[in-house]
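**Q** Reading the sequence shown from the start, the letters are residues 32 to 462 in this note's numbering.
Note that these hints are calculated values from the structure, not bench results.
Glycine included, each C-beta is placed from N, C-alpha and C at the ideal position.
A hint or two may mislead.
Each pair of labels, with its calculated beta carbon distance range [said to hold, decoys possible]:
| hint | residue 1 | residue 2 | range |
| --- | --- | --- | --- |
| 1 | Gly410 | Asp98 | 45 to 53 Å |
| 2 | Glu429 | Ala457 | 36 to 44 Å |
| 3 | Ile398 | Gln109 | 38 to 46 Å |
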Amino acid sequence: MQRKFPAFKILFAVIAVGVIAAAALHVYITRQVERELVSLASQVSPVGGLEWGSIQLHPSGQLRIRDIAFQPHMVAGQVRIGQFAFTAPNLIELLLATREFDDGRLPASLGLSIRSLQIPIADSGMDRLDLPASTGLPFEAAGCDGRESLRISDLPHMDIWNLVSDITLDYRLVNDGERMTLRMSSHTQYVAGLTLDARLHLGSASRDLDLLARAWAMARLEALELTYIDLGFRNRLDRFCAGELGLSVEQFHERHIEAWRVAWGYYGLAPSPAVVNAYKQFVSDPQAIEATLRPKQRLPLTAFTRLERAELLEHLDLSLRVNEGAAARASFETVPVRARVPNEVAGEQPEEEDDQEAATTRRIGWIEIPMAQVARHTGQRVRITTRAGDRVSGELVEVDAEYLHVRIRGVGGFHVRPFSRARLAAVEIRG
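Working from the sequences, and respecting the hints, build out all of it.
**A** This is the structure in structure tokens:
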């Protein structure tokens, strides 16, 4: 007599086989990723140490790498990532994507995300690196004591001691590589949220990686939309720059707008009155800026690196929307390139003076004083430059045998910070 198996036993067997297969697949893929990470750690070892925690293949369609840490040799601070993930619509498409990469094809869609990227600034050595710290808005620090944009070393003086960001990147190929839609977004605590949506024409007839690489060289932009959401950075910047210059925030706003307008002239451009007014509105009430760019004719992506700003804007229709207002066309006039004058304060014209020394002093703004005379200037505004290259401005409140005590204004209020005389390169006062 033939023996029958109960249905539940068959179901149990199927589930058991599925669980075993899934576990084996998980082990196989995570070991592949582990090998790639070991290889990457070896490659970056001359500049720093790379470590990571768990590697997970999640049923939602994510391959997750948690607790990544990179320790550069040159600085004390450690760059950390809470989670790095590749993302597909579901687990099956994620597995197919890994197979397509192995076969030399780009998956039709894929995403990656970085959660809790932490870059320490203060007390790590990062602030001693001469790196830019722009949010992406052009000339956002114009008029701020000789700056057009900020540096990493400026951020601690704005009460930003660490950069904490979430970043995502997603793409989708249309018609097997003919077109691509691309979305990038970032959210940086106390700074800004930035979203970029782009439509590109690739003209590829295949998702073969070699063919796509050749197509990318000829790719052209169809449309680009940018959204910038301020998360408190503009107010921090205004207070910092006003403090550097000894001005009120309202006075700095006037100085900044004029310096911003002048800075465009260094690139042969003059913003229209509508653009200037829109930017004034944002500076006085920093919420959001939305920009839409559409090429007037076919525009290859290489134009964004090959052309000067003035030439590039001639090929684009640009519209701006500020703080939920109505979108309006933005235009820039091509003008003769404005020559940069050393020590010039953008937005201010040097006055005619009979006394050449007085005119020079006015253009310079800050005058270095001998260390032996520093105590005479107690109660005045000073600018200190350390031997490490850091620069701090504030009120000199006390001088003793070992330290200069400077009252510094931050977003959270004032605090007095001691500076060792032995570590100072220069002390300056306002001319």
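**Q** When the hints from earlier in the document are held up against this structure, which numbers fail?
**A** Hint 2 is the one this structure does not satisfy, whereas the remaining hints hold.
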